[in-house]
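A.B. asks: Given next are the chains, with one letter for each unit.
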Amino acid sequence: MTAGLALSPASLDELQHMVTTSMPGRLRVAGAGTKARMTAGDGWQVLDLRRLSGIISYNPAECVFTALAGTPVADIDAVLAAHEQYLPFDPTHVRAGGTIGGSVASGLSGSGRYRYGGVRDFIIGARVVDGHGRLIASGGQVVKNAAGFLTHHALVGSAGRLGAIAEVTFKVFPRPEARATLRAPCASMADAVAAHERLRAAAMDLEALDIALADASGGATVWARLAGAADALPARVARAAGLLACGADTLTHDGDQRVWSDAAELTWAAGAPALVKVSTTPSRVLDVAAALGPLGACRVQCGGAVLLLATAHPLDEVHGLLAHRGWRGVVACGPAHGRLLGTATAQAFSARVHHALDPDQRFH
Amino acid sequence: MSDLIAALAQLYPPDRLLTRAASLVSYESDGLTAFRTRPLAVVLAETNAEVVETVRLCHAASVPFVARGSGTSLSGGSVPLADGIVIALNRMNRILRLDPVDRVAVVEPGVINLDISTAAEPHGLYYAPDPSSQSVCTIGGNVAFNSGGAHCFRHGMTANHVLGIEAVLPDGTVVRLGGDSVEDAGPDLTGLFVGSEGLFGVALEITVRLIPRPEAYRTVLASYASLQAAGDAVTRIIAAGLLPGAMEIMDRLAIEAAEAAVHAGYPREAAAVLLVELEGEKAQAEADLARLRAVLDQSAPTHVRVAQNADERALLWKGRKCAFSAVGRISPDFIVQDGVVPRTKLGDALVAIEQLSAQHGLRVANVFHAGDGNLHPLILYDGREHGQLERAEALATAILRLCIRLGGSITGEHGVGLEKRAFLPEMYTPDDMAFMQRLRQAVDGRAVANRGKMLAVPA
Chain A
1 MTAGLALSPA SLDELQHMVT TSMPGRLRVA GAGTKARMTA GDGWQVLDLR RLSGIISYNP
61 AECVFTALAG TPVADIDAVL AAHEQYLPFD PTHVRAGGTI GGSVASGLSG SGRYRYGGVR
121 DFIIGARVVD GHGRLIASGG QVVKNAAGFL THHALVGSAG RLGAIAEVTF KVFPRPEARA
181 TLRAPCASMA DAVAAHERLR AAAMDLEALD IALADASGGA TVWARLAGAA DALPARVARA
241 AGLLACGADT LTHDGDQRVW SDAAELTWAA GAPALVKVST TPSRVLDVAA ALGPLGACRV
301 QCGGAVLLLA TAHPLDEVHG LLAHRGWRGV VACGPAHGRL LGTATAQAFS ARVHHALDPD
361 QRFH
Chain B
1 MSDLIAALAQ LYPPDRLLTR AASLVSYESD GLTAFRTRPL AVVLAETNAE VVETVRLCHA
61 ASVPFVARGS GTSLSGGSVP LADGIVIALN RMNRILRLDP VDRVAVVEPG VINLDISTAA
121 EPHGLYYAPD PSSQSVCTIG GNVAFNSGGA HCFRHGMTAN HVLGIEAVLP DGTVVRLGGD
181 SVEDAGPDLT GLFVGSEGLF GVALEITVRL IPRPEAYRTV LASYASLQAA GDAVTRIIAA
241 GLLPGAMEIM DRLAIEAAEA AVHAGYPREA AAVLLVELEG EKAQAEADLA RLRAVLDQSA
301 PTHVRVAQNA DERALLWKGR KCAFSAVGRI SPDFIVQDGV VPRTKLGDAL VAIEQLSAQH
361 GLRVANVFHA GDGNLHPLIL YDGREHGQLE RAEALATAIL RLCIRLGGSI TGEHGVGLEK
421 RAFLPEMYTP DDMAFMQRLR QAVDGRAVAN RGKMLAVPA
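The listed protein sequences correspond, in order, to chains A and B. Be aware that the first sequence starts at 1, since it is given in the numbering used here, and climbs by one per residue. Be aware that the second sequence starts at 1, since it is given in the numbering used here, and climbs by one per residue.
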C-alpha cells in the first residue's frame with residue numbers, strides 16, 4: 001500500500017466524515033491487505049481501517065464479543081483462548097495480520113467451518129458506514145434475535161462494496177479440550193472423495209474435513225480433524241482412521257496445530273495472483289476439481305462444499321468455465337477481491353440492496 | 001380494485017379465489033388473535049407461476065399482499081392487509097428434492113417444518129430449527145420470520161440453515177439467491193432475505209441444509225428451589241466448556257401446567273426445572289454427561305434425573321413443548337412474549353418480571369430457552385374481566401422495555417410483525433430505522449409486500 005495516499009480513520013466519526021467527503025466511485029475499503037491485496041492508485045483511494053482496532057466488549061460468560069473491524073484476528077484469538085473459547089470456523093490469514101472486518105468482508109471461512117458453520121453462522125450483529133456516511137446497526141449482542149433486517153448477513157462476502165464495515169459482533173464457542181488430526185494420502189482425487197464420503201456417512205462429529213490435491217502426481221490427501229473431551233478422543237480417532245482405510249497417520253499437539261494454522265494461512269496458495277472460492281457440493285466436487293485442476297492448485301474444504309483454486313490464469317477464463325457449467329465462484333483473495341464468477345442469478349435483488357446502502361456508488 | 005379481482009379470476013378457478021365474507025373469516029387473523037383484518041380476497045396458489053403473476057398483478061394495481069402458510073405467527077406477521085390480497089401457500093407443500101449425499105432439501109414454501117425432518121429421517125438426517133409450532137408451521141413462514149427453536153445457541157436460527165431461495169420480489173421479478181452449497185459466493189443475500197417478514201417478497205422454493213442426527217443424546221432434568229439457582233446452573237454449564245444442544249428452564253407455574261397436561265414427571269414442588277440436552281458421538285456425549293453431572297452437583301439442585309432411554313427423553317421434552325398450550329388450561333387467556341436478554345442477565349430479568357407481575361396483579365408463567373437468553377413469559381389474564389387485557393398488555397410492554405434495557409432484543413424468534421412494530425425504534429437508532437425504510441423502499445417502492453409489518457407505513 002502506498003503510504004500517504006490511504007485514508008486512515010482512527011475513530012468511527014472520522015470514518016463517517018471521510019466517507020461523506022469522498023469522491024463517488026473512489027473508495028476501496030481495506031484492512032491489513034491480506035486478502036484484497038490492493039494498492040492505492042488509478043484514481044481511487046484506499047480506506048485503511050487498521051487504526052479502527054480493538055475489542056469493544058467481551059464477556060466470556062455470554063460467549064459474545066464485539067470488535068472494531070480493523071482488529072487483527074490474532075488479537076481476538078489470543079483473548080478468546082485465555083478464556084478457553086474460540087471462533088470455530090478457523091478464520092484465515094491470522095499470522096499475516098488479517099482483520100476481523102476482512103474475514104466478514106471476504107466471507108472466507110477456514111476449514112473449521114465444517115462442524116458448526118462459517119462467518120455467516122457466527123456473526124450476530126454489525127455496524128457499517130453506508131455511502132451517505134451514516135453508521136447503521138443491525139442484529140445485536142444476543143445470539144437469538146429476530147428484530148429488523150439481517151443487514152449484517154449481506155455484509156458477509158460483500159468485499160467492501162456495500163459500505164465500510166466498522167464493527168462486528170460474533171458468538172463464540174467453548175474451545176474443545178483436545179484435538180487430533182488424521183492425514184490420509186490417497187492415490188487419486190476419486191479415492192480421496194470416496195474416503196471422505198465414508199467419514200461423512202458415519203455419524204462422526206469432525207471439526208474439519210479437507211482434501212488437498214497434490215500438484216502433479218494426481219494424488220490427494222484427506223485431512224480430518226476431531227476435537228472434544230480428551231478421554232473420549234483416542235477411541236473416536238481410531239474409529240475415524242478405520243473408516244478412512246488408507247493408512248492414515250495421526251497428528252496431535254504441535255503437529256495438529258501447524259497443519260491447520262498453515263491451512264488457515266493458505267500457505268499452499270502462496271504466490272498465486274488470485275484465490276477463487278467455488279461453491280460446490282460433495283456430489284459435484286469431483287467434477288469441479290477435474291474442471292478447475294488444470295487452472296491451478298486446488299483444495300477442497302468443508303466436506304466437499306467449497307473448492308479453493310489458486311490461479312494465475314485470467315479470471316475471465318475461470319468465469320467462462322464456471323458459467324458454462326452453471327457453477328458459481330468469487331474472487332476471495334487478490335486485487336479483484338469480491339468479483340463474482342460464473343452463473344449469477346441474484347442481480348435484481350443485490351442491485352436494490354446496493355442502492356439502499358450506497359446509492360451514489362462511493363464504494364468501488 | 002375490481003379490475004384486480006377480475007384479473008385474479010382469470011388466473012384462478014372459482015374454488016381457489018375466495019372473496020365472500022364467509023370464506024374470508026378464517027384468514028382474518030393468525031396465531032396472535034388480538035389483530036383481525038378482513039382481506040379483499042384470498043387466493044389458494046398451487047404453482048410458482050400463479051404466485052408470481054399474483055404478485056405482479058398486485059404490484060401493478062398497488063394493492064398490498066401477504067403470503068400466508070399455516071397462520072401460526074405470534075407477532076401478527078400474517079394478518080391480512082385491509083383491502084389486500086392473501087396468497088395462501090399451503091397447497092404448495094411438495095418436497096421437490098431431498099439429496100442425502102449433499103444433505104439438502106429443496107422445498108416449496110407451504111411444506112410443514114417437521115415434514116422435512118420426517119422425510120430426511122431414513123437417511124439419518126434432520127432439519128435443525130424447531131420452533132414449538134413445528135408440527136404445523138410452514139417453512140415459508142419460518143424463512144420470513146427467521147424462526148428459532150430450542151437449539152439456537154449451538155445450531156443457529158433459520159438464517160443459518162437456509163442455503164438458497166428462489167423468490168419473487170414485490171414487483172414480480174424472480175431471483176435466485178444462494179444455491180445448494182453451504183458456502184455461497186458473494187454477499188450472503190440469502191441470509192438477508194431470511195427474517196425480512198415478507199417485505200422483500202415471497203419465497204417460492206427454499207433450499208435447506210440437513211444435518212446428521214447425533215449418534216447419541218443425553219437428556220438431563222435438574223430441579224431447583226429457586227429460578228435464580230436454575231439460571232446460575234446455566235452459567236456454570238457454559239463456564240465448564242460444555243456446549244449443550246439445548247438448555248430450557250420452566251418455572252413453578254409452567255411446571256404445574258405441563259404436569260397437569262402431560263404428566264412429564266417434572267417434580268411439582270420445584271420452583272424451577274432445567275432441561276439440558278447433550279448431543280454428539282456416543283463417546284463424547286458420555287464424557288460430556290459426566291462433566292455435566294459434576295457441574296450440576298455443584299449447583300445445589302433438589303433433584304437430578306437422566307433420561308434412561310428415548311421414551312423418557314421424549315416425555316421430558318413433551319412437557320416443555322406443550323407448555324404454551326398447557327398454560328391455556330390454567331388460564332382463560334394469555335399473551336406470550338418473546339424477549340431476549342444476554343444469558344448472564346437472565347437472573348436479573350426474572351426478578352424484574354416477578355416484580356412487574358406483582359405490580360400489575362397478573363400471574364406470569366416463565367418458559368425460556370436459557371441457552372440463548374430467549375424468554376417466553378406467558379402473561380395470564382381473563383379477557384372477560386374488565387381491564388385485565390389492558391393490564392396484560394401494559395405488563396407485556398414493560399417486559400419488552402426491560403429486555404431492551406438489559407441489552408437484549410424485543411424478539412428472539414417470533415418477529416416484529418404488527419405486535420412489536422412500535423418497539424423496534426426503541427431498540428435501534430433513528431439512522432438504523434431510516435436505513436431499514438430505505439432498504440424496504442429500494443426493494444419495494446410501492447410498499448405492496450406485507451405493508452405495515454415490522455416497519456410503519458411510510459407517509
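Some clues are possibly wrong.
To be verified - Below, in silico cross-link-like pairs of lysine to any residue (SDA-like), each with a Cα-Cα straight-line distance of 25 angstroms or less: (1) B/Lys282 with B/Trp317; (2) B/Lys282 with A/Gly219; (3) B/Lys318 with B/Ala260; (4) B/Lys282 with A/Gln45; (5) B/Lys282 with A/Leu199; (6) B/Lys282 with A/Tyr116; (7) B/Lys282 with A/Asp256; (8) B/Lys282 with A/Glu177; (9) B/Lys318 with B/Val306; (10) B/Lys282 with A/Ala238; (11) B/Lys282 with A/Thr252; (12) B/Lys282 with A/Ala235; (13) B/Lys282 with A/Arg200; (14) B/Lys282 with A/Leu244; (15) B/Lys318 with B/Asp333; (16) B/Lys282 with A/Gly54; (17) B/Lys282 with A/His355; (18) B/Lys282 with B/Asp333; (19) B/Lys318 with B/Thr429; (20) B/Lys282 with A/Asp13; (21) B/Lys282 with A/Tyr86; (22) B/Lys282 with A/Pro234; (23) B/Lys318 with B/Ala119; (24) B/Lys318 with B/Gly383; (25) B/Lys282 with A/Leu295; (26) B/Lys282 with A/Ala203; (27) B/Lys282 with A/Ala202; (28) B/Lys282 with B/Ala260; (29) B/Lys282 with A/Asp360; (30) B/Lys282 with A/Gly97; (31) B/Lys282 with A/Ala241; (32) B/Lys282 with B/Pro100; (33) B/Lys282 with A/Leu243; (34) B/Lys282 with A/His253; (35) B/Lys282 with A/Glu197; (36) B/Lys282 with A/Gly43.
Please keep in mind that the hints were generated in silico from the structure rather than gathered at the bench.
A.B. asks: Compare the structure with each hint and give your call.
C.D. replies: Hints, one by one, checked against the model:
1. B/Lys282 with B/Trp317: Distance ~20 angstroms between lysine 282 of chain B and tryptophan 317 of chain B Cα, so the pair holds.
2. B/Lys282 with A/Gly219: violated, 34 angstroms
3. B/Lys318 with B/Ala260: Within the cut-off at roughly 12 angstroms; holds.
4. B/Lys282 with A/Gln45: violated, 55 angstroms
5. B/Lys282 with A/Leu199: The hint holds at about 16 angstroms.
6. B/Lys282 with A/Tyr116: holds, 18 angstroms
7. B/Lys282 with A/Asp256: holds, 24 angstroms
8. B/Lys282 with A/Glu177: This hinted pair holds, its Cα atoms lying about 17 angstroms apart.
9. B/Lys318 with B/Val306: holds, 15 angstroms
10. B/Lys282 with A/Ala238: Holds, because 14 angstroms separates the two Cα atoms, which is no more than 25 angstroms.
11. B/Lys282 with A/Thr252: holds, 22 angstroms
12. B/Lys282 with A/Ala235: Holds, because 11 angstroms separates the two Cα atoms, which is no more than 25 angstroms.
13. B/Lys282 with A/Arg200: Status holds; Cα separation ~16 angstroms.
14. B/Lys282 with A/Leu244: holds, 19 angstroms
15. B/Lys318 with B/Asp333: Status holds; Cα separation ~22 angstroms.
16. B/Lys282 with A/Gly54: Roughly 40 angstroms between the alpha carbons, so the hint for lysine 282 of chain B and glycine 54 of chain A is violated.
17. B/Lys282 with A/His355: violated, 50 angstroms
18. B/Lys282 with B/Asp333: violated, 43 angstroms
19. B/Lys318 with B/Thr429: violated, 41 angstroms
20. B/Lys282 with A/Asp13: violated, 52 angstroms
21. B/Lys282 with A/Tyr86: Since the Cα atoms of lysine 282 of chain B and tyrosine 86 of chain A sit roughly 24 angstroms apart, the hinted pair holds (cutoff 25 angstroms).
22. B/Lys282 with A/Pro234: Roughly 13 angstroms separates the two Cα atoms, so the pair holds.
23. B/Lys318 with B/Ala119: Distance of about 21 angstroms is within 25 angstroms: holds.
24. B/Lys318 with B/Gly383: Distance ~28 angstroms between lysine 318 of chain B and glycine 383 of chain B Cα, so the pair is violated.
25. B/Lys282 with A/Leu295: Not satisfied, since the Cα-Cα distance of roughly 43 angstroms exceeds 25 angstroms.
26. B/Lys282 with A/Ala203: holds, 10 angstroms
27. B/Lys282 with A/Ala202: Holds. Lysine 282 of chain B to alanine 202 of chain A sits at ~12 angstroms (cutoff 25 angstroms).
28. B/Lys282 with B/Ala260: violated, 34 angstroms
29. B/Lys282 with A/Asp360: With a Cα-Cα distance of about 56 angstroms, the restraint between lysine 282 of chain B and aspartate 360 of chain A is violated, given a limit of 25 angstroms.
30. B/Lys282 with A/Gly97: Not satisfied, since the Cα-Cα distance of roughly 39 angstroms exceeds 25 angstroms.
31. B/Lys282 with A/Ala241: The hint holds at about 17 angstroms.
32. B/Lys282 with B/Pro100: Roughly 22 angstroms separates the two Cα atoms, so the pair holds.
33. B/Lys282 with A/Leu243: Status holds; Cα separation ~17 angstroms.
34. B/Lys282 with A/His253: holds, 24 angstroms
35. B/Lys282 with A/Glu197: holds, 20 angstroms
36. B/Lys282 with A/Gly43: violated, 60 angstroms
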